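Hey, can you work out the whole structure from these sequences and the hints?
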Amino acid sequence: MSMLTPAQTAALCAATIDPGPAFVRRMTHLEYDNTIRDLLGTPTMVGEQFPPEEVRLGFDNNAAALSVSPGLAEQYLDAAETLATAAVTTNMASLVSCDPTTQGVDVCGQQFIAAFGQRAYRRPLSAADAALLKTVFDAGKATDFTTGVRLVIETILQSPQFLYRVEVGRAPVAGDPSIAVTDGSAPNPTKVVRLDDWEMASRLSYVLWGSMPDDQLFAAAAAGKLSTEVDIAAQAQRMLKDPKAHDMVADFHNQWLGLDVISTVEKDPTVFKTFTPTIAGLMEQETKMFLDDVVWNENGTLATIFTAPYTFVNAPLAQYYGIAGVTGSAFVKTPLDGTPRLGMLTQGGFLSEQAKTNQTSPVHRGKFVREQFLCQQLPQPPPNLQIVPPSLSPTLTTRQRFAQHSAAAACAGCHSLMDPLGLGFETFDGAGLYRATENGQPIDASGQVANADAELAGPFNGAVELEKKLGGSSTVQACLTTQWFRYAYGRSETDADSCSMATLATKFAAGGYKMQDLLAALTQTKAFLYRRVTPAVGSTGSAGGP
Amino acid sequence: MKPFRLSRRAVLRGAGGIAIGLPFLEIMSPPGRARAAASAAPKRYINFFSPNGTIYPAWLPTAGTSPSSFTLSRILAPLAPNQKDIVVLDGMTNVAAKNGPGDDHMRGMGSMLTGIELVPGSTVGGSGTPAGLAGGISVDQAIANQIGKTTKFKSLELGVQTGSAGTVWGYTSYTAASQPLPPNNDPVAVFTRVFSDSQIGPVDNSAMLRLIAERKSVLDAVIANYAQLGPKLGAFDKSKLDAHLANVRDLETRLSAVGVTGAGCMKPAMPAGNFKGNASFPAVGKAQMDLLVMAMACDLTRVGTIQWEMSVGQAQFTWVDPTINRGHHDMSHDGDSNADTMEKLTKINLWYAQQFNYLLTALAAVPEPTANGMGTMLDNTVVVWCNELSKGNAHSHAPQPFVLAGGAGGALQTGRFMQFASSTPHNNLLVSLINMMGGTATTFGNPMYCTGPLSGL
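Those protein sequences? They're chains A and B, same order as listed.
So for the first sequence, the working numbering puts the first residue at 98; every next one is plus one.
So for the second sequence, the working numbering puts the first residue at 9; every next one is plus one.
Because the hints were derived from the structure by calculation, they are not lab data.
Do not rely on the hints blindly, as some may be mistaken.
[Stated by the list, open to error] Cross-link-like lysine-lysine pairs, in silico, DSSO-like; alpha carbons within 30 Å at most: (1) B:K240 to A:K453; (2) A:K370 to B:K355; (3) A:K430 to A:K566.
Since this is a predicted model, take the numbers as computed values, not measurements.
See below:
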């Protein structure tokens, strides 16, 4: 997509205020663990054990996809019991600020319900909310006060007010815009409203932290200080300095780039003699630490991912790569001057994950670059097509063996998009080690990018040259923007989101494509600031909403 | 082996904190929910899935003079010890897999046990239009709605390195369109879920009774919380929360469900061993089969799935043949002329037959009353071995290589090789499975592809 100027973006956004569709969002398993940590004060990995989520568009947090299977409902029950029992056993003092023996069990119980309930539901409780939790407390207090508290926590942790982010938005008023919705996701016309401040606190905290709001966000919501773009931007800047933002960005990277799989990569030990499961684990750590550093310590740009002249290694991994001068088991930021490496795509993680167990795979490497960085989805191989890499040969190079892909018409259609990209990485073997020759012949690492923008298209020689092209490519810039939109908002982009997408692109570009600018921009779009009024089921109001 | 009862770990939590790694308790309670000795044990149903098609000529038995006098094929030869308990079906066509969005693997997988096309979605396959998940309930869940109402678990989905892709390639079982039941790949987690949290035999201690009462109070309030939220939601969001609510209600109805002690219900050991990495594939499979058989012997569930890999799974079957150095799916694309690969794929499918035979033998080792006197759990069970494809390199959906096993409590006459007219819709088989398990179905899946029960079965 072509880049709009700031003036063009402003004009586009003046013409429309459509925030696009917004669904109720269930916590992901990671958000569950994070929220439990912040709510109960106890780190947990219980959510990590829940059944895997459906993946849509590469991410496991698509709001429309997230459902609750019978097994997950059971695990929510089990987790609620385990976590509530642990909380009242080890952490009662921080949960309950009153004394039931002096103030009375009922008074203290109601205080607890109001205070804890507000944090867990992320908004003040209604009278009905409180009354319902009181019935559970009363059932438990027959045993003792602690049991009453425990049952309230068990109830909350399974309730939709906790597990889902349910937004209604502010009550519409006469001046609210009315938009034409033509995709069937809402009535036409539909009113657009701002979120209330409690809902905004949760949007901010889950988008930037993957967790519940902290005390400052709650205080801002209570004070009505989350209503303007300026107030929201100020909170976002504060929040991006918190380590919780690092964790959220790490999860995005893990999913976007498949990083969690690197440590499970297995190689044929007769071919790659120095590669071990330990090395695979270290490679995963290397890329994760690198990306974290690029975003946060360097305040890096998109191009930094591809062109940073350093990486993170410890002694065993440095020795594996043949990098001298690194000692100890701790990872250290290590310059790459004088090595053939530069940027993420010359790290062992990508190079060995996108390879076969006993050889490289130009196909997988090319496919990965095209799908993850150019956002171009390639189809699976069609039936009757042999998915057999050309046989290993003691004399030929991989490039020579793969020549048939470009020669055979049935293959060339797709493989011309992958192989010429992937062959540029041939100076790195299937386990991520540098090689100048293969089977006694010098490596030819020339490549070609077909079907791409002007900065990217055309010939290149070797991974480093390709990375420099990727770092300056408008397609890659737009792709990263799209990936972040999908991850942050938990849905795919729609035609209604043209202003929101243009806003992200403009703000990302303004400072030279700094990643932190893009993160902050996520809180400044129409998609983030507004929502369409959704008429509730059974409401008898006009199409404009309740 | 003594009858036993397992303790709910929460019972032992008391006020002292979370109990960890609780031992099983050998319990002194009398057998609970005692069945009259004369009445048959309940019916059970199991899906057994292996992916990427088979080598059909090496799979197809040789017919004899009657359906019961057939000669097992090379791939099915390991089933010889249980030949009298199986039914091999030739001629089944998955019609739904020829229609709708998705590629051949996706369509085959999603319609294999649902008999209906996929829903449109965002997953791009090798051909066809982008697809989502399956378009309807799978046959095991339809059966669970009949026979799984009272057990502690409505069904158990156990996986063997099925991946975590979260797409239609990865699921066998669905409660409804787009509502998959993800298989659990970790035998230790399965063990913990099924056996450390379950009661076998009657509830006769106050701690357990109190726990059940507590859970009821909590779930009542949770359900009421859904009711409060409902009026605020739009139709799409409400349907999602309603589905969640239905599962909470289901949990509540099972709070008092207990297992049944019986001759075959024995204390399983916590699965031990290395369950990570490609080479552990056989060990994971054996552990999962053992757990499912014991969960059924103790009547903690009556419906289950054993899912090996996923559709397009890439397990490397080095334990079958050390010269195999490519993934299963990659190999399945090789042409018929590649004799080396054909041989290896035959061996892989033969290995799966050995696993199927192991499961049947384990079921047959559990003595149980049947409709015709004393028999085994296998007599009361139907196990369905299914595959999302017929021929891997052609990605075809006919003839589908189905093997049934077990007597279905007298409803399935076994020891037969049945040849149906090609293009017989496999939806008809799904109807028959439901009816063998006590149902009265006349159609299943997309009714356009179904003409009623499979005649002669």
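Where does the structure disagree with the numbered hints, that is, which hint numbers, in rising order?
1
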